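S.K.: Please model the entire structure based on the sequences and the hints provided.
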Amino acid sequence: KQEVTQIPAALSVPEGENLVLNCSFTDSAIYNLQWFRQDPGKGLTSLLLIQSSQREQTSGRLNASLDKSSGRSTLYIAASQPGDSATYLCAGTFSGGYNKLIFGAGTRLAVHP
Amino acid sequence: DGGITQSPKYLFRKEGQNVTLSCEQNLNHDAMYWYRQDPGQGLRLIYYSQIVNDFQKGDIAEGYSVSREKKESFPLTVTSAQKNPTAFYLCASSITSGGTGELFFGEGSRLTVL
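The listed protein sequences correspond, in order, to chains A and B. Numbering (my numbering) for the first sequence: 10 to 122. Numbering (my numbering) for the second sequence: 342 to 455.
With the Cβ distance kept under 8 Å, some of the chain A side facing chain B (calculated, not the full set):
1) N41
2) K51
3) L53
4) S55
5) L58
6) Q60
7) L98
8) T102
9) F112
10) G113
11) A114
12) G115
The list that follows gives simulated cross-link-like pairs (lysine-lysine, BS3-like), each with its CA atoms no further than 25 Å apart:
13) K398/B to K350/B
14) K412/B to K398/B
15) K355/B to K51/A
16) K398/B to K424/B
17) K350/B to K51/A
18) K109/A to K411/B
19) K398/B to K411/B
20) K412/B to K109/A
21) K51/A to K109/A
22) K10/A to K398/B
23) K398/B to K109/A
24) K412/B to K350/B
Read the hints as simulated data drawn from the structure, not as lab findings. Being a predicted model, the structure only gives us computed values, none of them experimental. Here a beta-carbon is modelled for each residue, glycine too, at the ideal position from N, C-alpha and C.
M.R.: Encoded structure:
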């Protein structure tokens, strides 16, 4: 069974800290992995998408990596700000499940001043 | 602006009633999806459609129905057969051929059964 896991479920850090959010998946036959941000009561905003042929993607202070052999992806947030406080979800599309994303439960991030 | 519009944002239903959630996109995407989100859980796929007049069941389709009569529209009906319909519902869309597979989401509809 294809599963996506995110640990920890919640994280609280002081402003300015660099942090890493973790995502693991059970099936190495991954087509792509997507990171999303979700604010309370809102929809999901796509942050980064990594194709299976790529190792990482960067957007501003965000960097996402993908290691298929170990079944892991990380989202690195540099110089965190209170505005980064949200829930971050990762989701993978796997071979045989075209465009059917399997989601992790998310990591709820709080960045305090 | 291109995007996905879901309505209503909040909906209350009495037990035994069917309700329909609207999802419209002007991104010219071929594929559309409905996900359900419960507190503390990841999103679960209800139904998806990769082309007009065709749709497939996802992981939790029981008690739900959809139609795809137009490319831009993918309404979801929550029927009285759905035993625990209170949840946050999210619609998404993506390009199929020639795309990266990236999904774009609407703002969601929160359904509460009274």
